[in-house]
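All chains, full assembly: derive it from the sequences and hints.
Number of protein chains: 2
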Amino acid sequence: MELNERKMKILQAIVRNYLETGEPVGSRTISKYTDLNLSSATIRNEMADLEEMGYIVQPHTSAGRIPTDLGYRIYVDTMMQEKEREVEELKGTLLEKEERLDQLLKQTAKLLATNTNYASMVSAPSIHQNKLKLIQLSRVNDEQLLAVIVIEGNVIKNTLLNVSEKINEETVLKLNILLNTHLTGLSIEEINLKLISSLKAQAGIHSDIVSDVIDAVAKAIHEEDDLEIYTSGTNNIFKYPELADSSAASELIGAFEEKQALNELVVRTLAESEETGIQVYIGNESPVSTMKDCSIVTATYDLGEGMKGTIGIIGPKRMDYEKVVDNLKDVMRQLDSIYKK
Amino acid sequence: MELNERKMKILQAIVRNYLETGEPVGSRTISKYTDLNLSSATIRNEMADLEEMGYIVQPHTSAGRIPTDLGYRIYVDTMMQEKEREVEELKGTLLEKEERLDQLLKQTAKLLATNTNYASMVSAPSIHQNKLKLIQLSRVNDEQLLAVIVIEGNVIKNTLLNVSEKINEETVLKLNILLNTHLTGLSIEEINLKLISSLKAQAGIHSDIVSDVIDAVAKAIHEEDDLEIYTSGTNNIFKYPELADSSAASELIGAFEEKQALNELVVRTLAESEETGIQVYIGNESPVSTMKDCSIVTATYDLGEGMKGTIGIIGPKRMDYEKVVDNLKDVMRQLDSIYKK
DNA sequence: TGTTAGCACTCATTACTTTCGAGTGCTAAC
DNA sequence: GTTAGCACTCGAAAGTAATGAGTGCTAACA
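Keeping their order, the protein sequence lines are chains A and B.
According to our numbering, the first sequence is numbered sequentially starting from 312.
According to our numbering, the second sequence is numbered sequentially starting from 312.
Errors might be hidden in some of the hints.
A pair counts as met if it fits within one copy or between any two copies, since identical chains are not told apart.
Within a straight-line C-alpha distance of at most 27 Å, the following computed BS3-like cross-link-like pairs (lysine-lysine) qualify [unchecked claim]: (1) K530 with K505; (2) K468 with K320; (3) K320 with K634; (4) K640 with K477; (5) K485 with K570; (6) K477 with K442; (7) K343 with K530; (8) K619 with K485; (9) K530 with K421; (10) K619 with K640; (11) K550 with K417; (12) K550 with K477; (13) K570 with K550; (14) K468 with K318; (15) K550 with K485; (16) K530 with K417; (17) K530 with K550; (18) K320 with K530; (19) K640 with K442; (20) K530 with K640; (21) K640 with K603; (22) K570 with K468.
Everything labelled a hint here was simulated from the structure, so no lab data went into it.
In structure tokens form, the structure reads like this:
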């Protein structure tokens with residue numbers, strides 16, 4: 312059977328209507344509210360076909376139809392129209408430049424959640440492949456040394472090192488020079504064992520400190536691995552009855568809190584993001600099993616210097632996909648304009 | 312009317328029973344399961360008295376009684392028995408030493424939540440009254456200067472400063488010495504305008520940088536003001552039907568996400584913590600209006616050097632107060648032993 | 001051949017009634 | 001002061017009936 316234009320129109324009408332009301336939609340509704348001028352009986356015949364083809368289902372006999380995951384998919388892929396939203400409306404919700412990236416991302420998550428009425432997540436950019444920009448040791452007191460590590464993209468990490476031998480300013484200076492001349496500009500992978508032992512040899516009696524510093528560098532990178540994820544509007548899920556019953560809600564909220572699941576989502580999105588800017592996961596397509604009854608729309612942002620992160624909106628399957636996509640695009644534009652100055 | 316011993320025993324039995332079952336408890340139950348050897352009729356008479364005195368209520372005629380906030384309060388204040396819990400059991404759940412305080416606190420929150428089956432929160436210590444330990448400027452490149460600020464308690468902040476004039480290593484060294492000799496050891500309040508202008512004068516053409524650094528110091532402190540709060544086990548509230556219905560749950564979860572309310576809780580706890588180690592807020596006693604139907608048990612931990620923070624457990628009013636208090640005490644002991652080495 | 005009117009049928013939802021039993025308050029007797 | 005007994009209350013659960021939205025199917029129509 313072929314999905315001809317009339318069937319498309321009917322399917323589209325069903326999805327639209329269901330997105331709005333959340334109620335199964337019947338043949339009579341479609342017949343009245345479309346410009347097809349067909350009687351409900353005809354619509355019924357077509358709907359029977361659409362059901363056979365797998366685009367819609369009846370929750371029970373004698374109920375209207377609701378879209379299947381496949382139905383949503385067709386809708387999202389081919390029928391969604393770009394809403395021409397007034398730029399005015401979005402102007403009021405501009406992100407403000409923040410000097411702290413984490414604040415900006417928190418703000419982004421919140422903005423998206425309040426704008427869309429769904430739950431949102433924003434992952435901090437991962438900086439995997441970046442290069443060391445500066446290492447700076449400072450003497451805090453006789454026993455403590457502060458190591459500051461700056462990575463390309465201006466990510467800064469610091470660690471306090473406890474040293475056994477007393478150490479004077481001059482030694483610190485020497486170590487600084489030693490470390491910076493040899494390590495600056497290198498990526499994490501380029502710091503190998505050979506380089507490390509060479510450095511240790513040059514440091515002489517202070518080789519312990521070199522070890523510690525390199526450990527700290529390794530750890531600084533590693534820390535970034537279990538990446539930060541900001542969420543907002545988690546409680547928006549209670550606005551949608553299909554997600555609000557306590558077992559479903561509990562699972563979802565658990566997933567949001569644990570962040571393990573979200574992490575998976577981020578990884579998957581980043582992996583697939585080469586092709587398309589925005590990805591839509593509907594129901595079972597989701598990388599995360601606890602979100603079987605949700606749809607997830609994700610986007611990848613790029614702050615330059617290899618700093619890429621993921622933004623996602625999680626809501627019911629009957630979410631307003633147009634609005635969500637629009638919002639994501641807008642936020643990405645804003646992030647761009649803030650960082651690519 | 313006097314709350315004599317028999318009434319106490321009966322009240323205690325009612326509370327205990329209700330904590331376990333969550334069902335209103337009737338006279339017959341009490342008569343059977345206490346060693347008072349009284350008939351249900353007698354118990355009924357006493358219960359009528361207890362109701363008149365405001366310790367218990369009937370949710371409706373012909374139902375058993377449940378404790379009022381006042382009833383819980385009496386129970387918590389005078390009838391709760393210190394459970395002798397086996398130390399063994401808790402050993403398995405020891406906190407591990409982490410070099411990053413935030414990780415440790417996250418872990419603490421999680422531990423508490425899983426152990427108690429309630430929601431938990433842990434606030435990062437506020438460092439209000441602390442002293443500057445070290446300022447360290449480093450040249451990143453021609454335009455950028457890295458300022459690292461270490462505050463007592465080893466809290467480290469860093470900022471990147473953009474400088475207009477090119478600056479060489481020597482100048483950086485001089486500025487470092489200037490700033491450290493004058494600022495180290497001072498508390499935030501002691502850095503006044505007079506001192507600042509004196510420093511600027513000594514810095515000569517680089518007075519801009521001094522300004523920037525001092526701004527950064529101020530901001531570092533300010534950032535700490537909107538303090539970090541870690542939560543865990545939020546979805547545990549779904550385990551208690553009285554909190555699980557969607558409107559109540561939504562409010563609670565919103566409060567947990569926003570953290571504004573939790574912040575209030577922290578402030579209040581810290582303010583009142585002088586007197587007692589552990590505080591219990593029952594129902595309407597709560598500082599946070601969204602938690603009217605909850606009980607909150609909080610404790611203040613002290614890592615030394617003025618670093619104080621709050622730990623809290625939030626659950627239904629019929630929470631297992633003994634268990635919660637035990638758990639909090641244990642966690643505080645563990646935090647102590649980790650940090651007071 | 002595609003479209004439509006009409007009709008019997010299904011089934012979730014809602015409201016109403018009944019039954020059941022846990023628990024009470026009160027009275028009278030011990 | 002304590003207890004047995006009894007009438008009474010009222011929520012929860014179960015059963016029943018009415019409602020109506022929506023379907024599939026058939027037969028007639030253009």
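Hint check results:
1. In this homomeric assembly, K530 and K505 come within 27 Å of each other (Cα to Cα) only inside a single copy, at 19 Å, whereas the closest approach across copies is 42 Å.
2. Taking the shortest Cα distances, K468 and K320 never come within 27 Å of each other, neither inside one copy (56 Å) nor across copies (59 Å).
3. In this homomeric assembly, K320 and K634 come within 27 Å of each other (Cα to Cα) only inside a single copy, at 21 Å, whereas the closest approach across copies is 61 Å.
4. Taking identical chains as interchangeable, the C-alpha atoms of K640 and K477 are never at most 27 Å apart, the minima being 55 Å within one chain and 39 Å between chains.
5. In this homomeric assembly, K485 and K570 never come within 27 Å of each other (Cα to Cα): the closest approach is 43 Å inside a single copy and 46 Å across copies.
6. For the homomeric pair K477 and K442, the shortest alpha-carbon distance between copies (24 Å) is at most 27 Å, but the shortest distance inside one copy (31 Å) is not.
7. When the C-alpha separation of K343 and K530 is checked against a cutoff of 27 Å, the pair qualifies neither within a copy, at 64 Å, nor between copies, at 62 Å.
8. In this assembly of identical chains, K619 and K485 lie within 27 Å of each other by CA distance neither inside one copy nor across copies; the values are 36 Å within and 38 Å between.
9. Taking CA atoms no more than 27 Å apart as the test, K530 paired with K421 passes between copies only; the shortest distance there is 23 Å, against 30 Å inside one copy.
10. With identical chains, the CA atoms of K619 and K640 are at most 27 Å apart within one copy only, with a shortest distance of 15 Å there and 43 Å across copies.
11. For the homomeric pair K550 and K417, the shortest alpha-carbon distance inside one copy (22 Å) is at most 27 Å, but the shortest distance between copies (29 Å) is not.
12. Taking CA atoms no more than 27 Å apart as the test, K550 paired with K477 passes in neither setting, with 62 Å inside one copy and 56 Å between copies.
13. Taking the closest pair of Cα atoms, K570 and K550 come within 27 Å of each other both inside a single copy (22 Å) and across two copies (21 Å).
14. Taking the shortest alpha-carbon separations for K468 and K318, neither the intra-copy value of 58 Å nor the inter-copy value of 61 Å comes in at or below 27 Å.
15. Proximity of K550 and K485 under a CA criterion of 27 Å is satisfied in neither setting, with 61 Å inside one chain copy and 60 Å between copies.
16. In the homo-oligomer, the alpha carbons of K530 and K417 lie at most 27 Å apart both inside one protomer (25 Å) and across protomers (18 Å), since each shortest distance falls under that limit.
17. Taking the shortest Cα distances, K530 and K550 never come within 27 Å of each other, neither inside one copy (42 Å) nor across copies (38 Å).
18. For the identical chains of this complex, K320 and K530 are neighbours neither inside a copy (56 Å) nor across copies (58 Å), given an alpha-carbon limit of 27 Å.
19. For the identical chains of this complex, K640 and K442 are neighbours neither inside a copy (30 Å) nor across copies (45 Å), given an alpha-carbon limit of 27 Å.
20. When the C-alpha separation of K530 and K640 is checked against a cutoff of 27 Å, the pair qualifies neither within a copy, at 35 Å, nor between copies, at 32 Å.
21. Taking the shortest alpha-carbon separations for K640 and K603, only the intra-copy value of 25 Å comes in at or below 27 Å, while the best inter-copy value is 40 Å.
22. Proximity of K570 and K468 under a CA criterion of 27 Å is satisfied in both settings, with 22 Å inside one chain copy and 26 Å between copies.
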